[in-house]
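Line by line, the protein sequences give chains A, B, C, D, E and F. Going left to right, the first sequence walks through residues 1 to 322 as full-length UniProt numbering numbers them. Going left to right, the second sequence walks through residues 1 to 322 as full-length UniProt numbering numbers them. Going left to right, the third sequence walks through residues 1 to 322 as full-length UniProt numbering numbers them. Going left to right, the fourth sequence walks through residues 1 to 322 as full-length UniProt numbering numbers them. Going left to right, the fifth sequence walks through residues 1 to 322 as full-length UniProt numbering numbers them. Going left to right, the sixth sequence walks through residues 1 to 322 as full-length UniProt numbering numbers them.
Careful: at least some of the hints might be erroneous.
On the chain D side, residues computed to face chain E include the following (Cβ under 10 Å) [said to hold, decoys possible]:
no., residue
1, M12
2, E75
3, A78
4, G80
5, N265
6, L302
Pulled from the structure, derived: some chain D residues nowhere near chain F, Cβ distances all over 10 Å [said to hold, decoys possible]:
no., residue
7, R16
8, R117
9, D203
10, G297
11, N316
12, A317
Don't read these hints as lab results, they were simulated from the structure. Virtual Cβ for every residue (Gly too), placed ideally from N, Cα, C.
The chain contents come next:
There are 6 protein chains.
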Amino acid sequence: MTDSFFHPVSGMDLPRFAGIPSFMRLPVLGLDDARRKDVDIGLIGVPWDSGTTNRPGPRHGPRQLRDASTMIRAENGATGVRPFELVNCADLGDVGPNPADIQDSMARITAFYSDVRAQGITPLTAGGDHLTSLPVLRALAADAPLGMVHFDSHTDLFHSYFGGTMYTHGTPFRRAVEEGLLDPKRVVQIGIRGTQYDSEDQDFAKSVGIRVIKIEEYFARGLDDVMAEAREIVGTAPTYLSYDIDFVDPTFAPGTGTPEVGGPNSFEALQVVRALEGVNFVGADLVEVSPPFDSSGGTAFLGVSIMFEMLCIMANAISAKT
Amino acid sequence: MTDSFFHPVSGMDLPRFAGIPSFMRLPVLGLDDARRKDVDIGLIGVPWDSGTTNRPGPRHGPRQLRDASTMIRAENGATGVRPFELVNCADLGDVGPNPADIQDSMARITAFYSDVRAQGITPLTAGGDHLTSLPVLRALAADAPLGMVHFDSHTDLFHSYFGGTMYTHGTPFRRAVEEGLLDPKRVVQIGIRGTQYDSEDQDFAKSVGIRVIKIEEYFARGLDDVMAEAREIVGTAPTYLSYDIDFVDPTFAPGTGTPEVGGPNSFEALQVVRALEGVNFVGADLVEVSPPFDSSGGTAFLGVSIMFEMLCIMANAISAKT
Amino acid sequence: MTDSFFHPVSGMDLPRFAGIPSFMRLPVLGLDDARRKDVDIGLIGVPWDSGTTNRPGPRHGPRQLRDASTMIRAENGATGVRPFELVNCADLGDVGPNPADIQDSMARITAFYSDVRAQGITPLTAGGDHLTSLPVLRALAADAPLGMVHFDSHTDLFHSYFGGTMYTHGTPFRRAVEEGLLDPKRVVQIGIRGTQYDSEDQDFAKSVGIRVIKIEEYFARGLDDVMAEAREIVGTAPTYLSYDIDFVDPTFAPGTGTPEVGGPNSFEALQVVRALEGVNFVGADLVEVSPPFDSSGGTAFLGVSIMFEMLCIMANAISAKT
Amino acid sequence: MTDSFFHPVSGMDLPRFAGIPSFMRLPVLGLDDARRKDVDIGLIGVPWDSGTTNRPGPRHGPRQLRDASTMIRAENGATGVRPFELVNCADLGDVGPNPADIQDSMARITAFYSDVRAQGITPLTAGGDHLTSLPVLRALAADAPLGMVHFDSHTDLFHSYFGGTMYTHGTPFRRAVEEGLLDPKRVVQIGIRGTQYDSEDQDFAKSVGIRVIKIEEYFARGLDDVMAEAREIVGTAPTYLSYDIDFVDPTFAPGTGTPEVGGPNSFEALQVVRALEGVNFVGADLVEVSPPFDSSGGTAFLGVSIMFEMLCIMANAISAKT
Amino acid sequence: MTDSFFHPVSGMDLPRFAGIPSFMRLPVLGLDDARRKDVDIGLIGVPWDSGTTNRPGPRHGPRQLRDASTMIRAENGATGVRPFELVNCADLGDVGPNPADIQDSMARITAFYSDVRAQGITPLTAGGDHLTSLPVLRALAADAPLGMVHFDSHTDLFHSYFGGTMYTHGTPFRRAVEEGLLDPKRVVQIGIRGTQYDSEDQDFAKSVGIRVIKIEEYFARGLDDVMAEAREIVGTAPTYLSYDIDFVDPTFAPGTGTPEVGGPNSFEALQVVRALEGVNFVGADLVEVSPPFDSSGGTAFLGVSIMFEMLCIMANAISAKT
Amino acid sequence: MTDSFFHPVSGMDLPRFAGIPSFMRLPVLGLDDARRKDVDIGLIGVPWDSGTTNRPGPRHGPRQLRDASTMIRAENGATGVRPFELVNCADLGDVGPNPADIQDSMARITAFYSDVRAQGITPLTAGGDHLTSLPVLRALAADAPLGMVHFDSHTDLFHSYFGGTMYTHGTPFRRAVEEGLLDPKRVVQIGIRGTQYDSEDQDFAKSVGIRVIKIEEYFARGLDDVMAEAREIVGTAPTYLSYDIDFVDPTFAPGTGTPEVGGPNSFEALQVVRALEGVNFVGADLVEVSPPFDSSGGTAFLGVSIMFEMLCIMANAISAKT
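If we strip away everything but chain A, and leave its shape as in the complex, we get (with noise of 0.2 Å):
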């Protein structure tokens, strides 16, 4: 049993409606908190999207995800697992970003990141747009390159944009793969669909080993088939979870810039990450909420569903080697 410091506060106390709304009711440690030490994950907000071509709004993200969060209770009603009672967990808190200059932003963010991997805490993300999650893996593969399970519908695999901008939330992946932060056979992209420019980003895809698995094939073979493919791809090395919420279908999660339809239910967007149980992960991310296109809340509400599904496969992981 954990530490009851890092207990959320119960429903049952104080209303889910009350109090200041940190991820998951839980304690907020500053960059200089001492109890950071006994921190086993630790849920950051990245409230950045400069990286987006088309239409901003990821920058609100982490704090409506936080909101959003106070409705996640203690145990995990399809699982049983009770996250909080396995690891300590906390909020650290957002990363502050110059949204006027994408170089010092990513400088930032991978300086926050490398903070709390070398303080032994394994980081699980609220995004922020895609390219986000290039400075996280540049602290995180800082040694050796990872794999990757990523949910999205698009790669983000592209050269550039505009005539020769590098950095957007369309190349963080590419940039990846360049800078060796990425290991390409090791990584599976899961749910790509929605019309397209060219095939540039699969034709690299295909070069350089990394496996597509597009959402009619996703359909055609069924969840089960496909998420025991992808963990075969990642095997037990240390690999990364990305996860964009347009991922899912546009109905189920309308407050993301660049929907594309046909995707899957918010049941399976569940199903799986829980499918992932096991796998050795040593960070994950959920990026592309944007809350002005999400009048109703329902996108956070389902984000911080699927982080809490991460947070409990990575829990039973960190308890399992202790």
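Place chains B, C, D, E and F on chain A using the hints.
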């Protein structure tokens, strides 16, 4: 053929956006109306949400459900049933609650339904939050405990909240079992999911013999199999039907206070009711529709579509008896 | 390869939120534009809803569909088709209706489409309410009756409304059969559901040989089987494709005036069109998108995604002929 | 003191969100109700917008105005008038329009109001678009032309639209003058503003003697001075009051189809009616409330607040006569 | 200059959309935090609306007010006051209410504020509905009755609702006078308007000497004159400031449960507070902000702008004493 | 009389909801269009918000402003000016920004406007955030510094943000003064208000001679007096007009990223522009309209109403010269 006084106004005669919105465009019969004696099924609103522990709003439910119900026509497209020609239906108005006094409100509701029952009318209720079911059951189960088919994402079987508060929308069926209003062996709860504080509610269910079917089991076995079991559990004795709109996935029914992602879609939302054809229902409710969280009105429209399915099976059953 | 004049502006060059929104960022060709003679498929808006008996709004459809269509890219991710490289496509603008005169509006629409047909252009229409299809068919079926694949939750085969009103969005295909514009033996209607006034429309369908596939049959048999039957019904002769957005479940397409719960999801919304590959379509429409009820814009985006699927199969067919 | 049958339900007894929403919680009297003979002022809905040339929606006005009107209490806080104790008021229901036939709808409206007039009831109308006023005037001015106080941002005096269409919401008062329903010398229009096509309407006004007070003059002279002139223009002879909600600034009344910025605020919206105390009104309307553009419901609430002010001055006048 | 620990985070350092939203980005001090002893002004949330007789929602107020308050900067642009440099301010968190028990909730609130008072902290409260003021006054006026400046469109002086219910948001100040918490001769209510059930509340006001300034008088005399009278009424003795957001016109503050049209605009909403410079306030509240009815968030932003004005005059006063 | 090619489409001919939305329904002339040489005033969109430090969105401004502008008719109702008959106006399309590169975007904007200026066209710009004005001024003030009338609630004169970032929407006019694009002695800023970090911006204004008129002064002196001073400050030399929509109170203009409560209403929003009749404007912009925060579209409609007033005074001035 029923008395044309009890037939809804047709949209072919008066456009559906016109006219004062009664339930399904039926005549409205006040407490003292002599024609109440001819009514078989009475639609009743309970605009009340004082039992809500989280986000209020269901007090506005009956009005919005009435408004949406003007879209309902005379015939069930799937089953061909024309309920208003089988039995006399009427809108019996709203029970007037006391928004600042829970016990007073419950007394008012029980008194209203005792009258309705004394008049030989089968009530079909539009809530209100789920605490509504308790004072209704006190009237309907005054003589003997009832069975119940209960669609929901929560069991509503908790003992108490906030340090001993016994009457909230999380406790009605715990009270109903304690008060002998429900026969727990003839109660089935379908669709349970989401995060939980603990399993105190489910421990209670197990201890008294209530059958809980979680959403994972529901999806794994399929609707037909689950509903066959439900029919078997309640058998042929008098039974109550309680339908919390949060049984349905929140994308299909966002207008509710305590949503849980990963539920059934709107087609199944109707099909589960159709699968209860022939059950001996003495009353039914549709609760927890919360207009402040239903910006498009889609939840209310789904709610009345479910109520129409309830009405069809109840009309069939009553009509078969006579 | 087609003339680059007819290629959409790429989002890689000009961000998709920039620029004046024509359909799919295609060039706009006015009535007198000489380049119309080179157009193979013309996208046309009919901003008109005077036939609406319930909630108006589709007059605003074309503008919102154009706006949403700027999210469409060059290639179909599922099928690999690049329609703008197969045939010359253009935005032919809107037909100007007379909002206060139904007959005048129908005459204007028929005149516009007669011109389009005379120019050898295959029209792809964005409505407008469903009465739009009637004046369009008057132009396209001027020589011989057409077959029709019709996706909808209503048959639109009623005789009249409000005591004898013959032209509403509930009557277009009754008129079209009466006027000899459709060959009823080659008409199939898919997705019919919801409550109904009576079965006068379906009795008519039966009497003239129109095949009606209700949603329960659709779900029971599955998409592939149903669509195979649909292809067989229309055969190889000239056929019209009419797609009412309310075919789709209202959760996926809330922006419409007469929704019916319990319909297909967005993936199937696209798949049913893909399943019509090879049919000899001489025109198609997507109708009943109603922006005032589409607060998130998701209905319009789904609508143009469906239009893009239509465009792909039409482009393939035209391209195959030449 | 009036008959308590005609008193509204008090929110002290039944909460204001409860109960079926009739106008101001008054009793509803159908066409054949014998108690109509005791009614002094009848509130009537005309859910119709077929005359709308731009954005439709006012057909939904009466229902939303009824809903909002349940917030109205018994006494005017500013003037102390308690209208329901001065005269018998009732909700006379809606006129059923034919949404697809303008002439048929106008005939239905005139017939309904002719009956009302024959019963000695003074009508207070909730529209509907502004064309509604024409068929109402045909009933009320059957014997002699009326004066009119008209609040609006448009004159609605145009000859025709779209090449000769004579009946739209931009032409009712041109027709009314031509048909001898209004005495132009006793007509004043207040609040006119916004961009215009041309001055054909104002040229007509000048030619027949209608007084047009533009918003710039209104603000420059002040409300008291302007309203004194208005009272003088209409004098003591029978007069009609027509209030287009777009008289008010669209920030205060966004729910309307043809807003013009730069109008009066909500305090003045009420004050201008209070300033008409004592005028000999034989009928009044509040038109162009369009719920699809009134997401917060604020326009409807302002609309019924204006209707209550109208009711107070009309009740005072009727009461003074008896 | 105050301790920098108590300074808000600057938006020049961390963007205003980033970080966990405490009131005005101040440090959060829990019940047991030792630094509470250094606090001069404590901002407190009371997420509670069980006293609401009409449309609920203010329980969500404190969270949304905190979110909006991250837009507040260090200096008052109009007066030049920099409150955080004058006195130590902190966010003291929320009082945890019991949503299903009014008496229990009131006891919890009074206990919380008694502690705050004992610690020498001046409380600035974000409600909650207006019943909140009663348990707060029970703590602050424990020794002697207070004066009060009260902005509102309702007097909240009613005796009871629904047949004898004594504790609702329409009765707090009746109770407060009865309990000796307020000195009625030193109470002024400003902005009263709208329809009313009767004048029982105002008769009571008159009988005990409370000064009621209706909106018509307010507009006729002007803000400066009215506020001079208000300052004179409360004098120099300890006074409470209670500000119901529905004082402001509902167009400027739609997010509230019982709006009344025809109120002051947002500039005046601030000016009335500035006009109270120098009054001896021992506490203040801003109540009835209801996020479910505040779709744009503008009401919350106006609410915190008003709170900042309150903070400035309170900081000046406290600073002047020391 | 101008060439009819440059006249807007009339709503009397084509309903205003129909047709592709160009600015004020004017013809669209691409970069290479030969008819550009005949244009006097060019309306240009700059869909760009990379300088936004808080809530993004203005990149969507031009499209929504074009949509709303289809409500604008031919004649100014207040002044009688018919601008499209005085000078040739056209929609010159959008400048294509690079959303992920601020310097590249500024270079593109300056190049576009340099061309426009070389063609002798006076530009009227729809932003975009306020950084837009800087690259526009670089083109327009290439030869000599300009005067400026600046409506805003912020001075936008800050030195830098986030530790040295020089180009944000809070810094454009600091840069413009530094670069010699503005003559500070001929610059007046009107409407400044809200909380502030510090007075570094206003200290700079004072040091270089920029006149800052805060909102309190504006209201105290009145519009006429303030605007007379403004005209005097800029005199007869070439002047730029920059209008941030947040000058207006956020209730009237909620769709913006950094609102400040307590500003002018919509009538004044137009009047301040009319008061600048006769000033020698060489260009003008309307910036910071942010559709994601403008759910009703009212901000965009107010924005284009302001743009039309700008157009009228510019057309008058140009017409007077020729």
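Going through the hints against the structure:
Using the Cβ-Cβ criterion of 10 Å, the hint placing D:M12 at the interface with chain E is satisfied: the shortest such distance is roughly 6 Å. Against a cut-off of 10 Å between C-beta atoms, the interface hint on D:E75 holds, since the closest Cβ of chain E lies about 5 Å away. At about 5 Å, the closest approach between the beta carbon of D:A78 and any beta carbon in chain E falls short of 10 Å, and the interface hint on this residue holds. Taking 10 Å as the C-beta cut-off, the interface hint given for D:G80 holds, the closest approach to chain E being about 8 Å.
A least Cβ separation of about 7 Å between D:N265 and chain E falls short of the 10 Å threshold, and the interface hint therefore holds. The restraint placing D:L302 at the interface with chain E holds, with a minimum CB-CB distance near 5 Å, inside the 10 Å limit. The beta carbon of D:R16 sits about 25 Å from the closest Cβ of chain F, which is more than 10 Å, so the claim that it is off the interface holds. With a cut of 10 Å on Cβ distances, D:R117 stays outside the contact zone with chain F, its closest approach being about 35 Å.
No Cβ of chain F approaches the Cβ of D:D203 within 10 Å, the least distance being about 13 Å, so the stated non-interface status holds. Even its closest Cβ contact with chain F, about 12 Å, leaves D:G297 beyond 10 Å, as expected for a residue assigned away from the interface. For D:N316, the non-interface assignment is confirmed: its Cβ lies about 32 Å from the closest Cβ of chain F, beyond the 10 Å cut-off. At roughly 32 Å, the least C-beta separation between D:A317 and chain F is larger than 10 Å, which holds for a residue marked as non-interface.
The structure meets every hint from the earlier list without exception.
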